[in-house]
Amino acid sequence: MPSPLAELLRDLDLPASGAAMHAFAAELQPLPRSLTGDGVRATLARIGERLPLQVHEVPSGTPVLDWTIPREWNLRTAWIKGPDGALVVDAARSLLHVVGYSVPVRQRLPLAELQAHLHSLPEHPDWVPYRTSYWRESWGFCLAHRDRQRLAAGEYEVSVDATLEPGALTYGECFLPGEGEAEVLLSCHVCHPALANDNLSGIALATFLGERLAAAPRRLGVRLLFVPGTIGAIAWLARNEERLGRIAHGLVIANVGDPGGFHYKRSRRGDAIIDRAVPRALADLGEPLAVEPFVPFGYDERQYCSPGFDLPVGSLTRTPWGRYPQYHTSADDLTLVRPEALAGSLRAYLAVLALLEGNRRYRNLAPKGEPQLGRRGLYGSLGGATAGRERELALLWVLNQSDGDHDLLAIAERAGMPFAAIAEVAEALVGAGLLAAVD
Amino acid sequence: MPSPLAELLRDLDLPASGAAMHAFAAELQPLPRSLTGDGVRATLARIGERLPLQVHEVPSGTPVLDWTIPREWNLRTAWIKGPDGALVVDAARSLLHVVGYSVPVRQRLPLAELQAHLHSLPEHPDWVPYRTSYWRESWGFCLAHRDRQRLAAGEYEVSVDATLEPGALTYGECFLPGEGEAEVLLSCHVCHPALANDNLSGIALATFLGERLAAAPRRLGVRLLFVPGTIGAIAWLARNEERLGRIAHGLVIANVGDPGGFHYKRSRRGDAIIDRAVPRALADLGEPLAVEPFVPFGYDERQYCSPGFDLPVGSLTRTPWGRYPQYHTSADDLTLVRPEALAGSLRAYLAVLALLEGNRRYRNLAPKGEPQLGRRGLYGSLGGATAGRERELALLWVLNQSDGDHDLLAIAERAGMPFAAIAEVAEALVGAGLLAAVD
Amino acid sequence: MPSPLAELLRDLDLPASGAAMHAFAAELQPLPRSLTGDGVRATLARIGERLPLQVHEVPSGTPVLDWTIPREWNLRTAWIKGPDGALVVDAARSLLHVVGYSVPVRQRLPLAELQAHLHSLPEHPDWVPYRTSYWRESWGFCLAHRDRQRLAAGEYEVSVDATLEPGALTYGECFLPGEGEAEVLLSCHVCHPALANDNLSGIALATFLGERLAAAPRRLGVRLLFVPGTIGAIAWLARNEERLGRIAHGLVIANVGDPGGFHYKRSRRGDAIIDRAVPRALADLGEPLAVEPFVPFGYDERQYCSPGFDLPVGSLTRTPWGRYPQYHTSADDLTLVRPEALAGSLRAYLAVLALLEGNRRYRNLAPKGEPQLGRRGLYGSLGGATAGRERELALLWVLNQSDGDHDLLAIAERAGMPFAAIAEVAEALVGAGLLAAVD
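Protein chains in written order, with the working numbering: chain A, 1 to 439; chain B, 1 to 439; chain C, 1 to 439.
A hint or two may mislead.
Looking from chain A toward chain C, a few residues come up when the C-beta cut is under 10 Å (computed) [said to hold, decoys possible]: (1) 62; (2) 100; (3) 134; (4) 241; (5) 242; (6) 308; (7) 326; (8) 328.
List time: in silico SDA-like cross-link candidates among lysine to any residue, alpha-carbon distance up to 25 Å [as the list claims (entries may be wrong)]: (9) B:368 <-> C:270; (10) B:368 <-> C:61; (11) A:368 <-> B:439; (12) B:368 <-> C:85; (13) C:368 <-> A:295; (14) C:81 <-> C:125; (15) C:368 <-> C:430; (16) C:368 <-> A:70; (17) A:368 <-> B:60; (18) B:368 <-> C:430; (19) C:368 <-> A:272; (20) A:368 <-> B:307; (21) B:368 <-> C:295.
Hints in this document: simulated from the structure, not taken from any laboratory. Just so we're clear, the structure is a prediction, and the values are computed from it rather than from any experiment. We treat Cβ as the ideally placed atom computed from N, Cα and C, and that holds for glycine.
So that you can see chain A by itself, here it is in the shape it has in the complex (with noise of 0.2 Å):
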């Protein structure tokens, strides 16, 4: 009897899950979210339309670990206005056109004083960079190349009309209770705007993802995280310090929508149940996955897996942070995105939770020899024959491995079956009374 996660995975429709994830992310992709501030919390409530969300908000001035949660930003309009008196850029079209975090200002400069506010991309001359300035106090714009090099000498008005004043940090959470105490953290960042690759598609993985397990029963909780970029993972740790060893497993959600191959980051650890689950699921997809080893940047796993936590935490997205071109730019937009590489992403997420909830360690109840299988109806009465006999093999791997060290993960990798093939064996000799689970 395959788990209820085993199901979703069997019965989930590829083409609807993937058009629904893209139109969502469609949805949410004009909020003017940042580090904090109403585009947050907008995002945020789209979510809790689909998901038990709970929203957090941290004052400003809170001391989160190392770090002070900052003042919050909230943007009216900023522009540009050129000697003529044209907008020549204008954050009403993209957010993507002001330095994120700039302080208010109105004021009129040449343009020679105005270039060192100016951000772009001479190698990419048609795209808008994606800055921010969320630490020191500074403002600034963001504008195609080919658009600055058409700026002409004189005198330009500039405009940045927002609020940066005590206020929040906001994130959300929603936590799928299982029936122990052990969980699966997944965290996803919701403080980008426009960008799509970069922070809608997880967005979107995420909450289509827990839709589906909120109504699946299971042994191990979920803990969906929706956290603004490092200052929202290190507020969520510091309110979260005493119960972080129920963490057993986790994964950053990121970049899971461009139509590259998978990629799975380590944990620190490098040896965690998870660094073995995602490979083990994938190759069981049929999916090819590239394994890269922990490094202390990328997304929040960076936080996740300080020495002080050293969470069992890695990531799998498609193609990683800063090796597409489109990165932080306005090109990662929701042509980058396609449907069916979110339905694939949404697809080997599942996969990697079904494989973790059914994953647990046995003890053999008959560990000396082989129990006689064919007196339980387990096994072929006709001897001398050789095919046929696949599970047969997985009945005789795990009974030999289930010595309470080995978990169902660690036989599948030895006997190089599918994980499914193993679990549902075990599941059989529970049945017949040979096998115990010991965690």
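Let chain A serve as the given structure and place chains B and C on it in line with the hints.
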């Protein structure tokens, strides 16, 4: 001074041994072996003419681990007569024609019904398959597919005249004591009728190996088991459970007569001394060897390596079970088994045993700096030259690595030198008072 | 702020150092070195002009570990005169012509008898081999094979005018104290007459290295040994047994002047810090390096790595002993040794020492989440861009891995960054109060 086992190896007459083992296999070939019964007894009687063999009878119904000793099966005749009354299948021609443990039957039935009781190999139409039904009451016949296709429609008469009654399981055991308590377990199966490579080759090798070892004083005891597969090993394990701690090393002997290259299947532990000894011994002989990981199927290593026992038992074969086309068919006959292959296998087993016998751990008694070998006559007196000093290098390796942890096998592996060369200088160093055995 | 050793490395004048070391080797070349005697004393006297060298005299007959200090040998003259009275071999031309430790002899003998006392190299007919007979009383001469073949039949006169009498074994030791107790042992041999790469190159490098280190404050002490091979190292070990615990790292210096690439032979332990430090230091210099496992023959690492001591001592050479054709012949002369090779070797040794000096383990004092580097001026303030951030990655690596277990060397290896880059940011983090050394 080489050990008695090294001398046996050196003095082995390969052509004579090969011819004698092949002749012995031929002598045993017609005996009606099965899981139980008089064919096994007759086989053990012939072995007992050559070895001090203890024959054990375990009564039907005796519980052994998770199993129960089955009833004893003895076949008188088994045949099928065609619609014209002529014999179309007759176990008198080959015991393979009757499914092992067929229950008595005498009936007439149309060809269509008979087909459900017939076994043949479409892919090898001239060969008779080998099939058994030990654990489910049933009857059946095996025949060449070409003959099966010639069967005309009509009514057939079948007869299995056999007894399946309370009796005993019979196995043989030959223990050749050593100086100490530690033993080498060598196990082969004696339950297959007719099959030559798969059963007779192992029986012949074990018998001749035991004959030679009986005369040679040894540090290690040698225990040879001649057991019906699975239930025989299980019965032996059940009856010797409290003595299993003495098994320091073990090998399951099978398929040692075909012309294929050697294969070694590791013990479940994977890093037992036997797992290192076999590759080294065969490398020192110049014999190519394929080393394979443990899998929980094959011969009786399945039982010895079950998790409740986990004995250091591997299996050294030529072509492994199931990988030669004649496996479990009438084509596994005395033409597949070659005298020179049997002789080479005997030599390989002797080499492994000689290595195990000579393998010890030592402690360097002058471990600080190198001892002065020159004044003990162990080192050339002329400094500066570099040629012709293999033996001196062996001396330095043994001295450097003999810290009580590394055995001679590990030193030979690290030095990349033959085990015999390392063992020889260790003995010289013991003689010079520079080395003492620690076990 | 780089360490004084890193400054030495940075400021090293390669051409001047190479020329000076080569000149020093040339100055030492004619001195009549042997296992004992005035040639060793004269060599140490020249070294002592450059270093604070302590010269030890260990009397003949002193027991040292398993050995006894031999008698002292001093040669006055050694020659062979031909049937016509002309000198055919004369040690005045090269000390290689007489077998080291030849006992005094003066006799006439026919060529046929003389041959048993002659050594030459048919495969290199113009080179004179180097031979010794330290531990068996004997005499002999070495000559070019071409000259040997020209010897006419007839009676020859041989003379070895030497003393072999109670005296002493002489060795030199230079200790440059560090802040703590831990020491680096650097050992070279001073017993070969004439040979340039095999003995003079190591002496010159050790002397110049010591000269430079003497002026630089260090955490680690440096102990330079100038010892006759084997018995010298054994004598030093015997006399310093209770202080060996201070040897934290060590290298045997030899063959550092030929034009070959670097070879590192690991310590017996194989995973000592020195075994990781040498490959990293040479990689950081861009120097190709062949790393080889420990073998219990070679130079005095044989003694330092004997199982009773097992010191963390490897050996960094250019072409290893025995692998260049000129090895132990008159062709190992000052043309084989090149100033630029000596300079490159000095640089390599300095780089290893600088790495060892800077290698420490730290503890991240803000290990929960990443500390906020930006407010400490350690991190760029503009978010979103990815280029030019090598130093920030180094900071994150050190913070992430500094759990008190990983040393900076391990972090550099894992990050794939130069050790100096890692050490530099560690110092910055200590300055920022984020890191504390644990040893």
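Do the hints match the structure? See the list:
Interface hint at residue 62 of chain A: violated, since its Cβ lies 14 Å from the closest Cβ of chain C, which is beyond the 10 Å cut-off. For residue 100 of chain A, the interface hint holds, since its Cβ comes within 10 Å of a Cβ in chain C; the closest pair sits about 7 Å apart. For residue 134 of chain A, the suggested interface contact is upheld, since its CB lies about 6 Å from the closest CB of chain C, less than 10 Å. At a threshold of 10 Å, the smallest CB-CB gap from residue 241 of chain A to chain C is about 7 Å, leaving the interface hint in force.
Checking residue 242 of chain A against chain C by beta carbon gives a least distance of about 12 Å; that is not within 10 Å, so the hint is violated. A least Cβ separation of about 3 Å between residue 308 of chain A and chain C falls short of the 10 Å threshold, and the interface hint therefore holds. Taking 10 Å as the C-beta contact cut-off toward chain C, the hint placing residue 326 of chain A at the interface is violated, the least distance being around 13 Å. Interface hint status for residue 328 of chain A: upheld, as the beta-carbon distance to the closest one in chain C is roughly 5 Å, under 10 Å.
A C-alpha spacing of about 19 Å is found between residue 368 of chain B and residue 270 of chain C, which places the hinted pair at or below 25 Å, so the restraint holds. Of the pairs offered as hints, the one joining residue 368 of chain B and residue 61 of chain C holds, with about 19 Å between alpha carbons and a cut-off of 25 Å not exceeded. With a C-alpha separation of about 29 Å, the suggested pair residue 368 of chain A and residue 439 of chain B falls outside the 25 Å cut-off, and the hint is violated. Restraint check: the Cα-Cα separation between residue 368 of chain B and residue 85 of chain C comes to about 51 Å, which exceeds 25 Å; the hinted pair is violated.
Our distance criterion of 25 Å between C-alpha atoms is met by residue 368 of chain C and residue 295 of chain A, whose separation comes to about 16 Å. As the CA atoms of residue 81 of chain C and residue 125 of chain C are separated by approximately 21 Å, the hinted pair is consistent with the 25 Å bound. At roughly 17 Å between alpha-carbon atoms, residue 368 of chain C and residue 430 of chain C fall within 25 Å of each other, so this suggested pair holds. Between the alpha carbons of residue 368 of chain C and residue 70 of chain A the distance comes to roughly 19 Å, so the proposed pair stays at or under 25 Å and holds.
The hinted pair formed by residue 368 of chain A and residue 60 of chain B meets the criterion: a straight-line CA distance of about 20 Å does not exceed 25 Å. Of the pairs offered as hints, the one joining residue 368 of chain B and residue 430 of chain C is violated, with about 42 Å between alpha carbons and a cut-off of 25 Å exceeded. The straight-line distance between the Cα atoms of residue 368 of chain C and residue 272 of chain A is roughly 19 Å, inside the 25 Å bound, and the hint therefore holds. The suggested pairing of residue 368 of chain A with residue 307 of chain B holds, with an alpha-carbon distance near 7 Å, which does not exceed 25 Å.
A threshold of 25 Å between alpha carbons decides the hint, and for residue 368 of chain B with residue 295 of chain C the separation of about 16 Å falls inside it, so the pair holds.
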